[in-house]
Every structure is written in structure tokens, then in C-alpha cells.
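Those protein sequences? They're chains A and B, same order as listed.
The numbering used here puts the first residue of the first sequence at 341, with every later residue one more than the last.
The numbering used here puts the first residue of the second sequence at 14, with every later residue one more than the last.
What the hints contain is simulated information worked out from the structure, not anything from laboratory work.
Hints may contain errors.
As the list claims (entries may be wrong) - Calculated lysine to aspartate or glutamate pairs in the DMTMM-like style (CA-CA distance at most 20 Å, straight line):
1. A:Lys472 / B:Glu147
2. A:Lys480 / A:Glu432
3. A:Lys472 / A:Glu395
4. B:Lys54 / B:Asp106
5. B:Lys163 / B:Glu150
6. A:Lys482 / A:Glu391
7. A:Lys472 / B:Asp106
8. A:Lys472 / B:Asp103
9. A:Lys435 / A:Glu395
10. A:Lys480 / A:Glu436
11. A:Lys480 / B:Asp106
12. B:Lys163 / B:Glu147
13. A:Lys480 / A:Glu374
14. B:Lys64 / B:Asp144
15. B:Lys54 / B:Asp104
16. A:Lys480 / B:Asp104
17. A:Lys480 / B:Asp103
18. A:Lys380 / A:Glu395
Being a predicted model, the structure only gives us computed values, none of them experimental.
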Amino acid sequence: MLSSVRSASLTFALSRQLSRFGPSMEPGGTRPVESAIRTKLTQALQPKHLEVLNESHMHAVPPGSESHFRVLVVSPHFDGLSLLQRHRLVNEALKEELSSCVHALAIQAKTPQQWSSDPKLAKSPPCLGGSKHDNTMAEKLKAGQS
Amino acid sequence: MNSVFGAAARSVRALTALSRLTQPGGGAACSRLLCSAEGQKSLEEMVKKDKVVVFMKGTPAQPMCGFSNAVVQILRMHGVDNYAAYNVLDDQDLRQGVKTFSNWPTIPQVFFNGEFVGGCDILLQMHQSGDLVEELEKLGIRSALLDAEKEQ
Chain A
341 MLSSVRSASL TFALSRQLSR FGPSMEPGGT RPVESAIRTK LTQALQPKHL
391 EVLNESHMHA VPPGSESHFR VLVVSPHFDG LSLLQRHRLV NEALKEELSS
441 CVHALAIQAK TPQQWSSDPK LAKSPPCLGG SKHDNTMAEK LKAGQS
Chain B
14 MNSVFGAAAR SVRALTALSR LTQPGGGAAC SRLLCSAEGQ KSLEEMVKKD
64 KVVVFMKGTP AQPMCGFSNA VVQILRMHGV DNYAAYNVLD DQDLRQGVKT
114 FSNWPTIPQV FFNGEFVGGC DILLQMHQSG DLVEELEKLG IRSALLDAEK
164 EQ
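Extracted from the complex, chain B is given alone in its bound form:
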């Protein structure tokens, strides 16, 4: 997980440096970095690189927010351990950039196959309704809850 974050952070920083060279500074509060066209493209790549992508506060091993933790716990319940998790507390540009990218004002944010799914509330309701098992199946991920049911 750390190596995924590290690699993503490095590519984000590289693109950041590049966009600083090619664009004039100020203007709107989010004119630089990940809100620039290059930055948004970089986010597009980030969310498409892995089947399940989560932007959260903290890390899956150490979430720093109850809502982010809820997302981690739900995914864990379904046996989804192999996903990309990006810690927005480490990077304010990432934090603002992803909000612009998904047009969603809060963190955590969950993406399946590059498509924005929602935040903690939506993931929780999908889990409760059984929709999450179906959505994971579409990604080619078999929910651990199906095996748990079988055992019963």
C-alpha cells in the first residue's frame, strides 16, 4: 500500500512541477497543480490504474477519520484488501484536486474501475442493500461475504 501511494505521490509531484512551468501562477483558489488540466488528467490516470481506488484521510492501516475508517472496514469485510489508497492529509493539492475531479466536496471518495461511486454513506448503503457484492462482482472481485454465507 505504501509503495502504491509512494509511486502515485511521486508522479503527482512530477506533474505538479511540470504544470508550474507551463502555467501562470495565481487566479482562482485552485488554479495550480491538480486542478489544472494536467493535474486532472493525472487524477484520471490514478483512478483508472486500479480497480478499487480510495481517497481517504490516513491509510488503511491507520485511518485518521471515522468516515474513512468505515470505508476501509467495509472493504475489508468484503475481502477487498488489494486497492489503491491515497492519503489526502499528506497532500493538500491532492485533496482539493480530487474534490474538483469528482465534483464531490468531501473525503473519503471511492472509485470502481475509474468511476466515482460515492463516499462513506453510499458505500455503507450499498453494503447494507447487497449492491456492493454485485458491484464487486462486476469488477471481477468475489466478495468474501459470499463465502461466509456458503459456510453457514
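Isolated chain A (complex conformation):
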């Protein structure tokens, strides 16, 4: 009885902490697309450093969407690879998400050496409302909710 109360309060505290880092979600809400991105990139590229940012709130999509992301992947797998090759590796890992609910993916792919000499997260340009004029967005947003 006591251990279940303790684990419930831990879950609550954890979800409150997590909700500070992204767009507002329901309390204890899940972010399945973000989790999937994190898991797949970790498995595929064994990153030394990984940041996955949901930037949907910066775009013309409903609150709580998981359609626009920025990822920063620091991995030794990128050594010797061109930018295009690195980005293709990231795209490949996230093939499923990119063909369903993820509409935009901004990528920074650095080697550990590059990251330590310039540890800066790039910023996405301001939205020009393209999603408003995009009739495929409705399908993508639905895919993100299923």
C-alpha cells in the first residue's frame, strides 16, 4: 500500500518535471512521437549527446501536436561522413515517423569532437504559416494522435 503511494507520487513529480520541457500537455500526458524518436535515434546511433525538441508549438498546428521536431545528435558514427550522409542516417532511423506524423525534422548531426568545440544548438527559423495552407497536415496530425 505504502510502496504504491510512493510510486504514484514519484510518477506525478516526474511528469511535472517533464512537462516543463515541452509544450503544455495533459498532466501525466505521454509524448509518444518524441519518445519514439529518442528511442530510435539512441538505438541507431548510440549518441554521446542527444536532444529532441518538439517545435510544433512554433508552427500553425494545434497545441499538443507532435509534428515538427528538431534533433541534435552527437555520435562517433558520424566520423568521416558528409552532412548529407549523416542526415540520411538520421532520416533512416526515423523513417516510420517521417512517413506518418512528423512533418518537419530539423537536424544537427555532429561528431563528439565537433560538439565539444562548438556546443551550440541551432535555432529554427520563424514559421511562415505553411502548415495552414497544407492540406496534408490534417492526415499527419491524425497519424500522430493514433
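Dock chain B against chain A, hints included.
Relative to chain A, chain B alone:
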């Protein structure tokens, strides 16, 4: 720019009509039009016709997406004003076709001399590292930034 897009759109539509006649309909989500062999060939022609080709949302005069706009702004900074820009928001077949063609899931897409370069992130990093000036030079395009440096 409009005339380039208009001409390309017309040839795409013509090839579209042709492929409808020669191929059975359904099957995979992208079996028709620009994902067909004829369609992909048409895209191959489109990316080779001009030194710099951009598939984007909106037009260079009126981009409809921040990432597409970033590509337009970078090219403008380098004095590259004469390039082919195709608006995928006007043509869903083009939009899907180019993703299949380059095996790249997002828009914008930049091609130099018929070769896929990347999207907004890559172009931006090339610009920041100085690689873009070099790549433009290989195309026979002198970056305006070189002249700007000289003036300083």
C-alpha cells in the same frame, strides 16, 4: 521565376496524363504520376535543366515555410537569384515525387547540377562553413559574399 515554374508544371502535367494512359491505376500510395518511372525521369530532367534547383513551399517572392524561406535567403545572400524554384504546395504529386526521387522526406530540397545537396539545415551549415561559396564556384557561380569581402 513564374515562367520557369509554369513551363515545368505544364511538362509535369503532360507526363502525368501520359503515365495515366500507360499504367494501371492503384497499388502503392505513390504508384501514379511522378513516382512512376516516367515521372521520376521527368524529375531527373527538372533537376538537371538548371544549375540550381529548389523544391520549396511557396515561391522565392513569397515563401510559405520558414525552412524554405531560409534557403531562399541564403541563396539571395550569395547573389544567386537565377534558379529554378518549384512550389510543392501547388502540386501534391510533385511534392511526393521529389521525396521519392531524392529519397529525402522533407521540403525544401536543393539540387546543384542535378545532384541532391540537402535541405535547409545542410545549406545553412554549408553557408556557415564557407563550403557553399566553393560549391557555387564549381557551378560557375561567383558568390556575392566574395565581392562583399573584397569591398571590406
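Would you pick out the hints that fail for this structure and give their numbers low to high?
-> Violated hints (numbers, rising): 1 and 6; every other hint is consistent with the structure.
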